[in-house]
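Student: Listed below, chain by chain, are the residues.
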Amino acid sequence: MDNTMHIANSWPIWAFASLIIGVVVFQGIKFLQLARKAGAGIGLSNQEMNKAIKTGAITAIGPSFGIVIVAISLISLLGNPLTMMRIGVIGSAPIESLGASLASESAGAELTGVTFTPEVFTLIVWTLCIGGSGWMLFTLFFNKSLGTVQEKISATPNGKKYLSVIALIAMIAIFGSLTSAEMIKGLVPALTAVAAILSSLLMNLIAEKKKIIWLKEWALGLSIIIALTVTYFII
Amino acid sequence: MNNSNTMAEFHTSAHLWGRVTLGLGILISYALPLYLSYAMGYHPGFDLILQSFLAYAAVIAFVWVLEPLMYFAILGVSGTYIAFFTGNISNMCLPSAAASQDALKVEPGTEQGEIVGTLGISAASLVNKIILVPIILLGLWLLTVIPPSIQEVFPYVLPAIFGAVLAQFSLKRPVYGLLALIVGALVNISPIPLVFKNLVVILIVVFLGFQLEKRKKSE
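In order, the protein sequences belong to chains A and B.
The first sequence begins at 617 in the working numbering and counts up by one.
The second sequence begins at 53 in the working numbering and counts up by one.
One chain only, chain A, in its complex shape (with noise of 0.2 Å):
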């Protein structure tokens, strides 16, 4: 077991992780670059795109913080650097969790304990890493097509306005499965997001009625913000 941690926190480990973490760091640089140009290509100006840029990486705080402290419980089990590897790209606690439970079982083992060995160990990685990678093989091979079906589509009369409608409802669609899935748990999450949605109405509400700029780009964060002091005083 502390062979196994002391393998998990190694070196090279930590070069495998920082590399994918760059890949990361390069592709968001490289299609900010692409979106600014092709922005100002279709009648963007800079300050509109600015504003974009700031909306999103505000917008991005709340639900970080919340990624990560998930993410914190990983790390006793599968040690720092393959935590920020499998949390910094596609997957997520839950499902991380779940791949490593799943590896251990198979090798009849317990991922704490003298059974959790360096083999253990590489078959969780392997799990987690193959497992990982089908989301990203399949955009890889398959959002091109994807593309062009949405081109034909929106080449159509009304093509454009359906899909930017569709668009729109599928959001709305989403968001509502996802938050009444977490609201049936039980009385606090279904309190956390009956105020996380009043504040959220009221503040969108409030800044587009008095034109507030900031309030709409701190929306979002804010209303996560409340809604969690909502539930720290009811549970």
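Hints listed in this document are in silico derivations from the structure and should not be mistaken for laboratory results.
It cannot be assumed that every hint is accurate.
To be verified - Simulated DEER-style distance windows between Cβ atoms:
1. B:Ile202 / A:Lys801: 46 to 56 Å
2. A:Asn625 / B:Val111: 21 to 31 Å
3. B:Pro186 / A:Asn774: 42 to 52 Å
4. A:Val765 / B:Pro199: 27 to 37 Å
5. B:Ala60 / A:Phe758: 32 to 42 Å
6. A:Lys827 / B:Ile244: 42 to 52 Å
7. B:Thr196 / A:Lys777: 19 to 29 Å
8. A:Ser661 / B:Leu255: 33 to 43 Å
9. A:Lys777 / B:Gly97: 51 to 61 Å
10. B:Gly97 / A:Thr845: 48 to 58 Å
11. A:Asn774 / B:Leu190: 47 to 57 Å
Every residue gets a Cβ at the ideal spot worked out from N, C-alpha and C, and that includes glycine.
Starting from the structure of chain A, add chain B where the hints point.
Tutor: Okay, now just chain B, sitting in the frame of chain A:
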């Protein structure tokens, strides 16, 4: 015409760089276990690897295909490349794209919507890594510093994020927000397998919404 040229050029570069970065990500993902197995000599045997992978794939493999399809209409070509590399699609990428589009008053699924959404998601991906890396480095120590009473709130981060995004979007069409919540609750308490639940809700709500939109137009 000019716009569609710009977009075509954008999509060409997005496919190129999306594929290059995802390809590198996949290679690194396979290189690490190979290194542990052969360079460090801790190979668990391919029988075990296959067995463990199949157990994992039995639960997760649906999602590999389902999620990129489900979110494509909203994320578009470029957003899909970023979201399915950086991860956290529903709890970070979609909210960020949504907030950016909302702040600029552009609609998802349009050309401007796609560019603005890409700017939002790219920025979100970078912010996420800026927050992730130092916290992982500090790691377990942090848990000893954050008071337990505050840590008790963490499991409720998801309903807070989802509810806030739902409200932001429903502002434009409150009826659909309510509809999505009701259909969502009904589907989620029904015995449909978990991986299909979101898809079923999307199909039902989009179908109903689409009929409503048509009716609105024909009146």
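Student: Now look at each hint and say whether the structure bears it out.
Tutor: Against the structure, the hints:
no.: 1; hint: B:Ile202 / A:Lys801: 46 to 56 Å; in the structure: 21 Å, violated
no.: 2; hint: A:Asn625 / B:Val111: 21 to 31 Å; in the structure: 28 Å, holds
no.: 3; hint: B:Pro186 / A:Asn774: 42 to 52 Å; in the structure: 49 Å, holds
no.: 4; hint: A:Val765 / B:Pro199: 27 to 37 Å; in the structure: 51 Å, violated
no.: 5; hint: B:Ala60 / A:Phe758: 32 to 42 Å; in the structure: 19 Å, violated
no.: 6; hint: A:Lys827 / B:Ile244: 42 to 52 Å; in the structure: 43 Å, holds
no.: 7; hint: B:Thr196 / A:Lys777: 19 to 29 Å; in the structure: 55 Å, violated
no.: 8; hint: A:Ser661 / B:Leu255: 33 to 43 Å; in the structure: 38 Å, holds
no.: 9; hint: A:Lys777 / B:Gly97: 51 to 61 Å; in the structure: 56 Å, holds
no.: 10; hint: B:Gly97 / A:Thr845: 48 to 58 Å; in the structure: 51 Å, holds
no.: 11; hint: A:Asn774 / B:Leu190: 47 to 57 Å; in the structure: 53 Å, holds
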